[in-house]
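> Residue numbers (my numbering), protein chains in the order written: chain A, 4 to 136; chain B, 4 to 136; chain C, 4 to 136; chain D, 4 to 136.
Everything labelled a hint here was simulated from the structure, so no lab data went into it.
Any given hint might turn out to be false.
Note that the list lumps identical chains together, so a pair holds whenever it fits in one copy or between two copies.
[To be verified] Derived lysine-lysine pairs resembling DSS-like cross-links, with alpha carbons at most 25 Å apart: (1) 32 to 75; (2) 32 to 104; (3) 90 to 75; (4) 90 to 136; (5) 90 to 104; (6) 43 to 32.
Number of protein chains: 4
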Amino acid sequence: MTAQEIAAFLADEFPQIDGDFEVVSVSAKEIVMRLPVKDKHLRPGGTVSGPSMFALADVAFYVAVLANVGPKALAVTTSCNIDFMRKPAQTDMIARAHVLKLGRTLVVGDVMLYSEGMDKPVARASLTYSVPK
Amino acid sequence: MTAQEIAAFLADEFPQIDGDFEVVSVSAKEIVMRLPVKDKHLRPGGTVSGPSMFALADVAFYVAVLANVGPKALAVTTSCNIDFMRKPAQTDMIARAHVLKLGRTLVVGDVMLYSEGMDKPVARASLTYSVPK
Amino acid sequence: MTAQEIAAFLADEFPQIDGDFEVVSVSAKEIVMRLPVKDKHLRPGGTVSGPSMFALADVAFYVAVLANVGPKALAVTTSCNIDFMRKPAQTDMIARAHVLKLGRTLVVGDVMLYSEGMDKPVARASLTYSVPK
Amino acid sequence: MTAQEIAAFLADEFPQIDGDFEVVSVSAKEIVMRLPVKDKHLRPGGTVSGPSMFALADVAFYVAVLANVGPKALAVTTSCNIDFMRKPAQTDMIARAHVLKLGRTLVVGDVMLYSEGMDKPVARASLTYSVPK
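With the hints as extra help, turn the sequences into a complete structure.
Written out as structure tokens, the structure is:
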């Protein structure tokens with residue numbers, strides 16, 4: 004699926020999150036997503052909340068799964084391990100997702116999260132999705 | 004801190020999440036929190052979203068940290084590992100948080116998540132918080 | 004499978020680890036295994052090595068899988084998350100394994116690791132096994 | 004520390020594991036270690052055991068910590084999350100370790116594990132080490 008097809012699919016299937024995330028680019032090697040950071044994502048001190056970062060990592064890897072297996076709305080997260088490493092800036096956040104294993108039922112990979120304009124990652128997540136046959 | 008003190012502290016320090024979560028009970032052994040499930044937490048098929056469950060686990064363990072070390076707004080999540088095991092029901096969700104290690108800088112524990120009325124857990128999370136000295 | 008059947012199965016199928024671990028008890032609720040700690044498991048300062056603890060958690064959860072699904076030698080670990088929380092003593096180690104989700108292909112659960120004679124856990128692991136159909 | 008200094012340090016401080024692992028290369032960007040696979044690392048079917056892979060990931064990240072903070076024997080693993088993605092071959096295994104966050108007390112990073120001669124990773128681990136001040 005292309006970036007445009009995926010954006011249309013997300014808008015159709017997940018109207019609740021429509022507009023929260025942007026598909027920046029889709030390639031065989033990497034998916035890039037953006038979280039436009041708004042007040043609702045912030046915590047005291049101007050930091051982006053952990054659940055907002057989890058949500059970004061989760062949707063970015065979901066898009067990576069879609070890009071590989073096609074429009075399967077019922078792919079679900081089975082596990083996520085996330086390390087929060089640095090305080091995010093008050094800028095938009097960028098996720099870079101990579102598929103490491105495309106199995107028959109399980110897809111495994113990782114996502115690096117950045118505050119736009121910072122070189123070093125803010126968080127790193129490993130995810131496993133289960134894909135219906 | 005008591006359940007009431009913690010609820011007041013959350014309302015003061017985290018106005019963004021005020022009303023999203025309820026402190027059910029606080030004891031030395033276990034913290035119980037509730038997520039009153041609303042439309043914004045749902046996904047197609049009536050399931051509670053992964054980020055909503057992550058947020059519940061995260062705040063429940065934060066409350067467990069507060070109950071042990073007092074009102075430290077700046078305690079932050081350093082890592083979380085979450086396994087999504089069953090499809091949640093469309094009922095409220097309950098989190099049961101336990102501290103396993105109360106160190107000088109790191110607090111480690113786990114949280115079991117249930118759909119109210121179901122015996123078996125929907126998800127299980129392990130969390131580590133860093134607490135400022 | 005009973006504790007005796009499992010011990011015989013391990014000796015047959017995994018001669019490499021025969022004698023390294025003991026099946027203490029097997030019930031529907033909990034599997035208990037023991038690691039008789041020897042010189043090869045120790046590190047400077049008398050602490051039990053991380054890989055020894057990982058191996059104990061892994062075999063304890065494997066036995067929990069066997070107890071639930073029968074003698075499937077080809078069940079394999081797909082993921083493990085382990086938190087090392089306290090310095091172990093120089094005594095034997097005890098693992099307590101629990102199955103939280105028995106799915107058609109994935110079995111999810113946790114293992115608490117103790118130094119014999121200590122109340123508080125030394126480490127906590129979450130594991131997922133994949134079971135062939 | 005250089006590869007030679009690290010190899011000498013490991014031989015001095017961890018005589019139990021001497022000869023089990025080889026330091027292939029050390030740079031600011033990546034540490035490469037090798038596990039010469041022997042009978043004791045194998046399981047039925049010729050696969051390398053999970054604990055052997057955990058041990059390789061753990062020592063590779065320990066070396067990455069040493070390379071960054073100097074000879075601190077007392078750096079300890081606080082957590083590890085490992086995904087086993089493919090069946091390893093019966094060849095030596097290679098670990099590639101990267102530091103993502105070098106904090107005052109915690110060092111966070113990841114390790115990719117390969118069977119020599121295979122392009123795709125066999126396993127991926129995220130590790131956190133605690134370093135004494």
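> At most 25 Å between CA atoms: does that hold for residue 90 and residue 75 within a copy, between copies, both, or neither?
So residue 90 and residue 75 pass the 25 Å test across copies only (17 Å; inside, 34 Å).
> Which holds for residue 90 with residue 104 at a C-alpha limit of 25 Å: within a copy, between copies, both or neither?
Classified as between: cross-chain Cα gap 12 Å, same-chain 30 Å, threshold 25 Å.
> Taking 25 Å as the upper bound on the Cα-Cα distance, should residue 32 and residue 104 be classified as within, between, both, or neither?
So residue 32 and residue 104 pass the 25 Å test inside a copy (12 Å) and across (24 Å) alike.
> Within, between, both or neither: how does the pair residue 43, residue 32 come out at a Cα-Cα threshold of 25 Å?
Neither way: residue 43 and residue 32 sit 32 Å apart in one copy and 33 Å across, limit 25 Å.
> Under a CA distance limit of 25 Å, which applies to residue 90 and residue 136: within one copy, between copies, both, or neither?
between (40 Å within a copy, 18 Å between copies)
> Within a copy, between copies, both or neither: which one fits residue 32 and residue 75 at a CA-CA cutoff of 25 Å?
within (20 Å within a copy, 36 Å between copies)
The structure fails hint 6 only (numbered hints given earlier).
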